[in-house]
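Peer 1: Sequence:
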Amino acid sequence: MEWMIMPYKRYADFEGRSRRMEYWMFSLFYLIVAAILAGLMIAGIPRPEVDEFGAVTGDQDPGVLFWLTVGLLTVFVLGSIVPSIAVAVRRLHDQDKSGWLYLLSFIPYIGGLILLVLMFLPGTTGPNQYGEDPKDPNAASVFD
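Following UniProt numbering, the numbering of the sequence shown begins with 1 at its first residue and continues without gaps.
Derived by calculation from the structure, the hints in this document are not laboratory data.
It cannot be assumed that every hint is accurate.
Said to hold, decoys possible - No more than 27 Å apart at the CA atoms, straight line, and that leaves these computed lysine-lysine pairs for BS3-like:
#1 K97 with K9
#2 K9 with K135
#3 K135 with K97
These numbers were taken from a predicted model, which means no experiment stands behind them.
Construct the complete structure from the given sequences, taking the supplied hints into account.
Peer 2: Dropping the structure here:
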């Protein structure tokens, strides 16, 4: 769980390096929370009532649960934009690449695929221009 919330602790820290574990655990956490909230949102949509003639009757407006989870999902997504960009930039730094490569994600179709491949690649061993190796147990703490 520590790996999942570490990007929130380093909210707008675009300096330094992040391991693959930190990036992918954050991505997994984001996916799980979004899926749970989306499921609750869908659960808040009433089932249509159909009479004997096949006509839809009754109230079809979304319930309170729907609107509550829409609000929670909105807050979660907006609150996670900066940490998700920051952890991706730090992940690129771990490979000794510029964080500006994150802008590749704005190229339709191929940009996101290129960035996905880059997130799978291992980081450079030892220190690089962006800091100490986060896998090296003898290096300074990532929070120093």
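Peer 1: Please list, smallest to largest, the hint numbers that this structure does not respect.
Peer 2: none
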